[in-house]
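Q: Each chain, written out:
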Amino acid sequence: MVASRNYGDFASEATFDIKPCDLHRLEKGPGTTAVMTREEGLQYYKTMQTIRRMELKSDQLYKQKIIRGFCHLYDGQEACCVGIEAAIKPTDHVITAYRAHGFTYTRGVSVREILAELTGRKGGCAKGKGGSMHMYTKNFYGGNGIVGAQVPLGAGVALACKYFGKNEICVALYGDGAANQGQIFETYNMAALWKLPCIFVCENNRYGMGTSVERAAASTDYYKRGYFIPGLRVDGMDILCVREAVKFAAEYCRSGNGPLVMELQTYRYHGHSMSDPGISYRTREEIQEVRSKSDPITLLKDRMVNNNLASVEELKEIDVAVRKEIEEAAQFATTDPEPPLEELGHHIYFNEPPFEVRGPNQWIKYKSVS
Amino acid sequence: MGFAGIAVGAAMAGLRPVCEFMTFNFSMQAIDQVINSAAKSCYMSAGSISVPIVFRGPNGASAGVAAQHSQCFAAWYGHCPGLKVVSPWSAEDAKGLLKSSIRDDNPVVMLESELLYGVPFEMSEQAQSKDFVIPIGKAKIERPGTHVTLVAHSRPVGHCMEAATVLSKEGVECEVINLRTIRPMDIETVEASVVKTNHLVTVEGGWPQFGVGAEICARIMEGPAFNYLDAPAVRVTGADVPMPYAKILEDNSIPQVKDIVFAVKKALNI
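Taken in order, these protein sequences are the chains called A and B.
Residues 1 to 370 in full-length UniProt numbering are what the first sequence lists, from first letter to last.
Residues 1 to 270 in full-length UniProt numbering are what the second sequence lists, from first letter to last.
For reference, chain B alone in the conformation it holds in the complex:
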């Protein structure tokens, strides 16, 4: 609460702070400053106060850190107007989104993943260049496909890519969309994909109720892509429990590759 508020105040007075939460679980205590002081100020002041701050840190499950240190906040922050919320997967996502977030004049919540910090990714020349930025609010198609649309953010994007490889051997070609931004969500990219594939599976690490997948499904239903669905959308999420400690329990509380493969087969009725 204290340092989060100090960072927000510094942003209001003209600096561009990057406020790090050791994990977003600790942001729950400071969430008043993120929402009431940062997110809402531009609106309440009719544009006279701006808060160009970035809140960043690891979000969601790690390894063996148990219930109080494993919560995913994508749905919590994604709920609030006035915030922008980004969730990188690859190294180029992390670099490009962080730079865009810092340059954005609005409060941005950047939900990283501790388990991804140690994972190497290929980076193009362009991505390694000094001013490489990724626009906030634009999803990326990581893998084109024709039979089913997989939408995910953060670490589960990697699981979707693995599932796509497994399914490809069985003749199912998955289109994998990396959301990159939770709010404002690029639902148009998902819609265009669903129009093409006619099937949708959402994958996230957070809890199912009121989650990112629930929002995607609601929006698809409201939009033109609904008429192109050949089956109800399927959500793959974290299990609806506080994160347990024992490895076997923890492993089965987050979406695994086998869960995604199963969901795709359910959606395609194969």
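Chain A extracted, bound-state conformation:
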């Protein structure tokens, strides 16, 4: 059970070469080396593994019909949310679309609250009122179901950041499908005009639902789509690439230069959602190739082991601990009761004296408490 090597045997940090980013309207970009400490590596590994196992558990619970409705899984993309969180502060802000479970976790919601929200129980982070696409926490604005709508919202959060003058930024994420949405271009315009401290991040996982990027976009250079906004294209499967790029972008925005567009090239192992097997528009071979050559957790693991930052056994112990945490969370999520019917009318309004809400007929009334 104890790692066979002494902690003193490990290096405290190592320097890694990372892929240079493609640049748009930028003289220089993030550097091509990144330093990672042992502590950082272990934390990134544990976080990514937790998200991976949480998503796989959600897959299982969905197939058992314990989770219903929409369920868009993030496995394969872990380096994006963990890399972003590693580069920003808890006082910065994040908003994303519906593939949000990973971000919900990195922004501070526990696995048990996430799973209980997915199973629609009162212990869920939104008390069972929101579900998969509507999870929130401090400085994390969800979880948004309407494609592209979160991007103007994110710029609005950035506007508030600028207004309050506390040197905070907002990271507003969207996918390759949403990247063609009109309101995103409206947002680019205003964010650039008013120099809002917003990092627009396109998580390009190559498919918008079942449509490949080649079939959807006249230009697949999503980092250039901001046109007058400088952009970066980043390897989204390498957590250090993501971290360094976001550090660069955060610094840029905090300095009052206005927004940046960042494309993270990533991949999702699951289909668009649990209703999509994900193999009618791509081959099993392609999925397998990404898994064997570019898996973000495997890449990190190999780096750590090969550079004496951790041992294989130590990482296995983390795997065991993560599995245990996920099992316990799933246990909670399947046994916690559903929200009481009396709460059906709650939270219509904020900070409002109690009032009555009509039910399916005029005699059924629910009390609404804020």
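Please keep in mind that the hints were generated in silico from the structure rather than gathered at the bench.
For clarity, every value in this text was computed on a predicted model and none was experimentally measured.
C-beta: ideal position from N, C-alpha, C; glycine also.
Mixed in with the good hints there might be a few duds.
[What the hints assert, rightly or not] Computed far set for chain A versus chain B, every beta-carbon distance over 12 Å:
no.: 1; residue: V35
no.: 2; residue: R38
no.: 3; residue: Q43
no.: 4; residue: I66
no.: 5; residue: P90
no.: 6; residue: K129
no.: 7; residue: A191
no.: 8; residue: C198
no.: 9; residue: M209
no.: 10; residue: V213
no.: 11; residue: K247
no.: 12; residue: E251
no.: 13; residue: E289
no.: 14; residue: L299
no.: 15; residue: K324
no.: 16; residue: E352
[As the list claims (entries may be wrong)] Reference listing, derived: stretches of chain A covered by chain B, where coverage requires no fewer than 3 residues with Cβ under 8 Å from a Cβ of chain B:
no.: 17; region: 22-28
no.: 18; region: 147-161
no.: 19; region: 353-363
Using the hints, position chain B against chain A.
A: The following block gives chain B in isolation, referenced to the frame of chain A:
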């Protein structure tokens, strides 16, 4: 869509934005941000997200701006839980409701009227004072009466007042209720009035099907006031057509004073 979303995001992050639509016709494009991002967020997040935003601008018919610029959105926004919807008529309504809307921690849609911007109203000392507010969700009886209840919002309130003057000369005393708020609607004030007058006429600028008047009638029917009605309620609304341009057509596509007088006489069977 873009700026409406930016305003909603700013509200989520702690500011108190007032988002102006040049007219609410343009809000139709941005309506996703008003409903899905603003109205529903408090509920979906079980109270952890609040959106203290006001969407304001002219609503409904203007003068000669034709079909795409003349739609009334009272029924559209009034339909949605999570929103508050106000519709001022007088100057004191506009002032008091706007201040209340801004101070409210919820998304409020304030439906103004372009044709009322230039109309002068008497304002009391109290209404002119710095912190004058009008509570959202409370209707006002603009004119007490005994024979029939007229309920309206926005510009048609003025038409009802004129109709009441005309009818008074014929011995019919109308009670004119200015709804002020579409959602949450103060149906209790309307019910109390109907219990007293036994007759109801609703007046609005919007289209008849699924409109504000339809909702008032349904609620009156469901409540205690039904037993006090001596005749079915009558609705006066905009004509069920996209707004035409020619003046004679436009004038006859919105409720006029003569339409209200006619409706009252129908309700009273005189």
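Q: List, from low to high, the hint numbers that the structure doesn't satisfy.
A: 6, 7, 8, 16, 17
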